[in-house]
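Novice: Construct all of the structure, not just a fragment, from the sequences and the given hints.
Number of protein chains: 2
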Amino acid sequence: MAKDMTLLWGSGSPPCWRVMIALEEKNLQGYNQKLFSFEKKEHKSKEVMAMNPRGQLPAFKHKDVVLNESYGACMYLANQFKSQGTKLIPDCPAEQAMMYQRMFEALTFGQKMGDVIYYTYKVPEGERHDSAVKRNREALTAEIKLWEGYLQKGSGSFLAGKTFSLADVVVYPSIAYIFRFGLCEERYPKLAAYYNTLKNRPSIKASWPPTWLDSQGQDTLKDI
Amino acid sequence: MAKDMTLLWGSGSPPCWRVMIALEEKNLQGYNQKLFSFEKKEHKSKEVMAMNPRGQLPAFKHKDVVLNESYGACMYLANQFKSQGTKLIPDCPAEQAMMYQRMFEALTFGQKMGDVIYYTYKVPEGERHDSAVKRNREALTAEIKLWEGYLQKGSGSFLAGKTFSLADVVVYPSIAYIFRFGLCEERYPKLAAYYNTLKNRPSIKASWPPTWLDSQGQDTLKDI
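Heads up: the sequence lines are chains A and B, in that order. Residues in the first sequence are numbered consecutively from 1, following full-length UniProt numbering. Residues in the second sequence are numbered consecutively from 1, following full-length UniProt numbering.
Since the hints were derived computationally from the structure, they do not count as laboratory data. Check the hints yourself; a few may be wrong.
For chains that are exact copies, the list does not tell them apart, and a pair is met inside one copy or across any two.
The list that follows gives simulated cross-link-like pairs (lysine-lysine, DSS-like), each with its CA atoms no further than 27 Å apart [what the hints assert, rightly or not]:
(1) K122 / K145
(2) K190 / K87
(3) K87 / K63
(4) K190 / K134
(5) K162 / K63
Note that the structure is predicted; figures quoted are calculated from it, not measured.
Specialist: Have a look at this one:
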């Protein structure tokens with residue numbers, strides 16, 4: 001039981017979900033956790049800010065060590081619990097390189113996804129432009145096609161090859177997110193297969209966003 | 001001699017510089033390398049695109065393995081050459097966690113820096129707003145103050161504590177970049193001390209951007 005760990009999180013947030021998947025893969029169940037609502041702006045609450053001064057979720061603590069960056073928390077868990085649960089960093093240099101390549105490319109993917117999905121949240125009303133919306137959507141389309149291609153050309157069912165790795169831990173929540181926001185499964189069959197197959201992986205099932213279980217997603221990305 | 005490695009790079013680019021520092025720290029001198037000009041848009045040349053289809057620099061190759069994401073290349077080198085040159089990932093869990101925290105927070109720093117420095121490059125003329133420029137500059141100021149505070153409260157001369165780590169490898173080029181773009185050394189004394197002290201570290205000296213040696217920087221950030 002991971003009683004020396006604490007996670008403050010929000011439902012549906014890819015960064016939070018990543019850390020939860022890593023914890024599950026490392027058999028670190030039973031950690032202290034508390035769910036906060038983004039809608040109610042609870043990520044800006046005193047309780048969150050005390051652990052994460054940026055007022056963002058996740059906020060993660062292991063003993064005295066605070067690690068709020070989701071990629072950082074996942075890498076830390078993979079390193080500190082190397083021989084516990086799933087081995088998340090492959091030894092093979094080529095697979096390891098592919099894992100890092102996909103993990104960090106996914107930051108670009110996340111950025112482009114955010115530029116589309118959070119446009120009205122991020123850009124004040126007087127500064128919005130249809131031309132920017134169009135450009136952002138085109139950039140996201142090109143990016144999603146890249147990832148569809150990666151899975152098509154890949155040498156296994158996972159992002160870095162034949163085994164589940166940190167690349168899947170950090171990228172899966174973003175893939176799930178784009179489908180939640182209406183991406184067409186028929187148009188992106190490889191991404192859809194990846195999304196649907198991994199849905200049943202125990203770590204992902206156990207950490208599935210609770211707010212997604214009983215509500216419909218949105219259709220922001222249906223024409224992408 | 002690292003003759004089985006190739007780096008395509010551009011002068012002054014923090015992502016390229018990171019990889020070069022990591023190579024130096026791991027005593028991997030003598031790699032094949034080629035300098036490209038961003039001004040002449042050579043990062044979109046066939047030669048670069050063949051190795052990095054995103055048309056970005058760096059592009060990095062080790063034997064058959066291509067790894068173009070700068071964070072990924074640095075982590076790969078730290079892992080594959082663990083016991084060669086500088087140990088870049090501390091064993092101590094608290095220092096390791098701090099290293100990851102600072103590394104990944106630096107992505108936010110880099111984003112905010114780019115929002116200011118590349119504003120006219122990234123935003124088409126008809127979509128520019130003084131209110132956005134002002135907001136971006138305020139966000140960058142708050143971010144730089146955070147980092148000044150980290151160095152003030154830190155328990156050593158480096159970003160993750162008493163030893164040089166991957167956090168310094170990936171963040172130093174961005175710190176140097178903001179000073180190159182005119183940040184006031186008097187207003188940020190801890191960042192300035194960090195910047196000036198590490199200037200003389202062999203890995204950093206050896207990889208200093210050649211275009212910075214014989215030209216003046218800009219003053220974009222002088223009022224930040």
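Novice: Each hint should be assessed against the structure and marked as holding or not.
Specialist: The hints, checked one at a time:
1. K122 / K145: both (25 Å within a copy, 22 Å between copies)
2. K190 / K87: Cα proximity of K190 and K87: one copy only (25 Å, versus 40 Å across).
3. K87 / K63: both (22 Å within a copy, 25 Å between copies)
4. K190 / K134: within (25 Å within a copy, 43 Å between copies)
5. K162 / K63: Classified as between; 21 Å across copies, 34 Å inside a copy.
In this structure, every one of the numbered hints holds.
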